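Let the hints inform the model, and build the full structure from the sequences given.
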Amino acid sequence: MAALQTDSGSRRAAGARFFCTAGRGLEPFLMREVRARLAATQVEYISGKVFFTTCSDLNMLKKLKSAERLFLLIKKQFPLNVSSVSKGKILNEMQRLVNDDPESWMSAISIWKNLLELDAKKDKLSQRDANPLKRKVEENDITNPKKLKTEQMQELQESRQCQLEKQMEEETVEQGDFLTNREKSQEAFQNDVVKAVDTPDQKDLTFRVSCRCSGAIAKTFTGQEVGRVIGIALIKQYGWKADLRNPNLEIFIHLNDIYSVVGIPVLRVPLASRAYIKTAGLRSTIAWAMASLAEIKAGAFVLDPMCGLGTILLEAAKEWPDVYYVGADVSDSQLLGACDNLKAAGLQDKIELLKVSVIELPLPSESVDTIISDIPFGKKFKLGKDIKNILQEMERVLHVGGTIVLLLSEDHHKRLQDCEQSGIPLNSKGSHTDEPGIEKCLNPGEKTDLSDTVSSSSEAISQGGLEKMPPFGSLVPMECYRVSLGRTDAFIYKYRKSHSLGL
Amino acid sequence: MKLLTHNLLSSHVRGVGPRGFPLRLQATEVRINPVEFNPDFVARMIPKVEWAALLEAADTLHLVEVPKGPIEGYEHDEKFLRQMHHVLLEVDVLEGTLQCPESGRLFPINRGIPNMLLSDEETKT
Numbered sequence: 001m002a003a004l005q006t007d008s009g010s011r012r013a014a015g016a017r018f019f020c021t022a023g024r025g026l027e028p029f030l031m032r033e034v035r036a037r038l039a040a041t042q043v044e045y046i047s048g049k050v051f052f053t054t055c056s057d058l059n060m061l062k063k064l065k066s067a068e069r070l071f072l073l074i075k076k077q078f079p080l081n082v083s084s085v086s087k088g089k090i091l092n093e094m095q096r097l098v099n100d101d102p103e104s105w106m107s108a109i110s111i112w113k114n115l116l117e118l119d120a121k122k123d124k125l126s127q128r129d130a131n132p133l134k135r136k137v138e139e140n141d142i143t144n145p146k147k148l149k150t151e152q153m154q155e156l157q158e159s160r161q162c163q164l165e166k167q168m169e170e171e172t173v174e175q176g177d178f179l180t181n182r183e184k185s186q187e188a189f190q191n192d193v194v195k196a197v198d199t200p201d202q203k204d205l206t207f208r209v210s211c212r213c214s215g216a217i218a219k220t221f222t223g224q225e226v227g228r229v230i231g232i233a234l235i236k237q238y239g240w241k242a243d244l245r246n247p248n249l250e251i252f253i254h255l256n257d258i259y260s261v262v263g264i265p266v267l268r269v270p271l272a273s274r275a276y277i278k279t280a281g282l283r284s285t286i287a288w289a290m291a292s293l294a295e296i297k298a299g300a301f302v303l304d305p306m307c308g309l310g311t312i313l314l315e316a317a318k319e320w321p322d323v324y325y326v327g328a329d330v331s332d333s334q335l336l337g338a339c340d341n342l343k344a345a346g347l348q349d350k351i352e353l354l355k356v357s358v359i360e361l362p363l364p365s366e367s368v369d370t371i372i373s374d375i376p377f378g379k380k381f382k383l384g385k386d387i388k389n390i391l392q393e394m395e396r397v398l399h400v401g402g403t404i405v406l407l408l409s410e411d412h413h414k415r416l417q418d419c420e421q422s423g424i425p426l427n428s429k430g431s432h433t434d435e436p437g438i439e440k441c442l443n444p445g446e447k448t449d450l451s452d453t454v455s456s457s458s459e460a461i462s463q464g465g466l467e468k469m470p471p472f473g474s475l476v477p478m479e480c481y482r483v484s485l486g487r488t489d490a491f492i493y494k495y496r497k498s499h500s501l502g503l
Numbered sequence: 001m002k003l004l005t006h007n008l009l010s011s012h013v014r015g016v017g018p019r020g021f022p023l024r025l026q027a028t029e030v031r032i033n034p035v036e037f038n039p040d041f042v043a044r045m046i047p048k049v050e051w052a053a054l055l056e057a058a059d060t061l062h063l064v065e066v067p068k069g070p071i072e073g074y075e076h077d078e079k080f081l082r083q084m085h086h087v088l089l090e091v092d093v094l095e096g097t098l099q100c101p102e103s104g105r106l107f108p109i110n111r112g113i114p115n116m117l118l119s120d121e122e123t124k125t
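Just so you know, the sequences run in chain order E and Y.
Start counting the first sequence at 1; every next residue gets the next number (the UniProt record's numbering).
Start counting the second sequence at 1; every next residue gets the next number (the UniProt record's numbering).
Mixed in with the good hints there might be a few duds.
With a Cα cut of at most 27 Å, we get these calculated BS3-like pairs of lysine-lysine [what the hints assert, rightly or not]: (1) E:K297 - Y:K48; (2) Y:K48 - E:K355; (3) Y:K2 - E:K355; (4) E:K297 - Y:K79; (5) E:K278 - Y:K2; (6) Y:K2 - E:K343; (7) Y:K2 - E:K297; (8) E:K75 - E:K62.
Calculated from the structure, these hints are not laboratory results.
Quick caveat, the model's predicted, so the values are computed rather than measured.
Shown next, in the form of structure tokens:
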């Protein structure tokens, strides 16, 4: 991995390699997102993890919306050889993970440190009162170059969001001040940061190892055992101290039949848990993925006619703010919760709420541009609300050419048609993004039994064939993804309205 | 409920059809919220506005400085856009009613949320 470079612009480091975990079925969304948001290269999806290389800093990385957790990659290599080999030999191989290539360890730790330093600096800033900082910035406006000023003004305008976001923006602005006022080069700035921030020396690092074992190796070793072996090797190799409760550094290891992956979790809190959402209904990653499919354009009218706590609208409004959002629900308690959520996220001016029924929308025909909804399932929703009625009313209010993105249960899915999942191959760049081959090699003896183990979208991507998904009236099926909700699976459907109903 | 939303809602009482628009607005509690001005966004909303309905609602709420219709080159007319921004997005009806002009059915607005649920007899088949 490359060392620090003093590039122009906002780059502070050359490309580093990361990986993210993602919910089953969301991997294609994540791959697309890292390319779009982070200009990521070398994007691969292998068995539940998306690997990528990017120059983006922590601020941009934190914006990933379809990932669960983010890790800095130390190493990824072939799985440990566990067949017909002594336990001692396997232990040896594990130690080699630590000892063989200190370069990659040191390099990753150095990158991790840089990411952390900037983050720690931000934390220190956040402890100050927000207002004095803002005032200071405004005073300096005149002395700053125009470009920086525009950025600051934009950031100040946008700072009606939650506290965390405000702090992030102020941090960026503060750095801008440093640069302008001191007129130092980027390198010098880095030195300032290093001096200013309290990071422990290499030798004084405390660490903890978390290890996950699955597949063949799990039969011989537990995660804990492996963790211990690795931990001891690390102490020997680098002189670090183990701290199980509050370590500086966490090392994450995943050993399975496909790979051995070692990484450093970059953030304490998973990306999937959003600071701006008070009470989540639907999982935010899925909500964002649905919104990303919906082709939301500036100035559009976007409706969620079964909005519940408003998770989908919140995720959409955060990403695509110049849009008119309306949420509707029949439940008072849900609407109250949604109202709370909107206020907590600072989005109450962007999202309107209505108490209306999805099968009786008080909207003129063809008045809505986009509909995104999580169709609830369960006992209480079976009565009186057939999925067909729901879809019919949505179809009526939608503009011709508009899109509908729905989250449907297995039941809804079956009721709408009688076929297996299918999907459009995404605009993937090259074959290394599809790893269905790897999935099938997982358990060669169980190749015929893939339907349970492999329900991920890699199957969906490789199959194609939307001919099996029949249209609904004027709604033409566009894409379909199977995603995991934890205990159950659901389907993300995308339709486009092809012609007017003349109603 | 903002006036932009009111502008979109129609009555769905049985048999009413297009005569269910516009819903007559009565407000007992209104709040003016400052909202960040985004000229691009406002400009995009202008073509969607049903002006008669908007003017009727603005009148009921005794709003002033309400443009009577789109003007030539409105996309770049900041004064016009700011006035529309205020009318459409900054006026929030917290308590009041919406009335179907055809059937007379009243829909209440509570805490800024209009309740337009129909009872079973009222729902059209």
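Here's how the hints hold up against the structure:
1. E:K297 - Y:K48: Holds: K297 of chain E and K48 of chain Y sit about 15 Å apart, inside 27 Å.
2. Y:K48 - E:K355: 22 Å, holds
3. Y:K2 - E:K355: 14 Å, holds
4. E:K297 - Y:K79: With a Cα-Cα distance of about 25 Å, the restraint between K297 of chain E and K79 of chain Y holds, given a limit of 27 Å.
5. E:K278 - Y:K2: Judged against 27 Å, a Cα distance of about 24 Å means the pair holds.
6. Y:K2 - E:K343: 16 Å, holds
7. Y:K2 - E:K297: 21 Å, holds
8. E:K75 - E:K62: 22 Å, holds
The structure agrees with every numbered hint stated previously.
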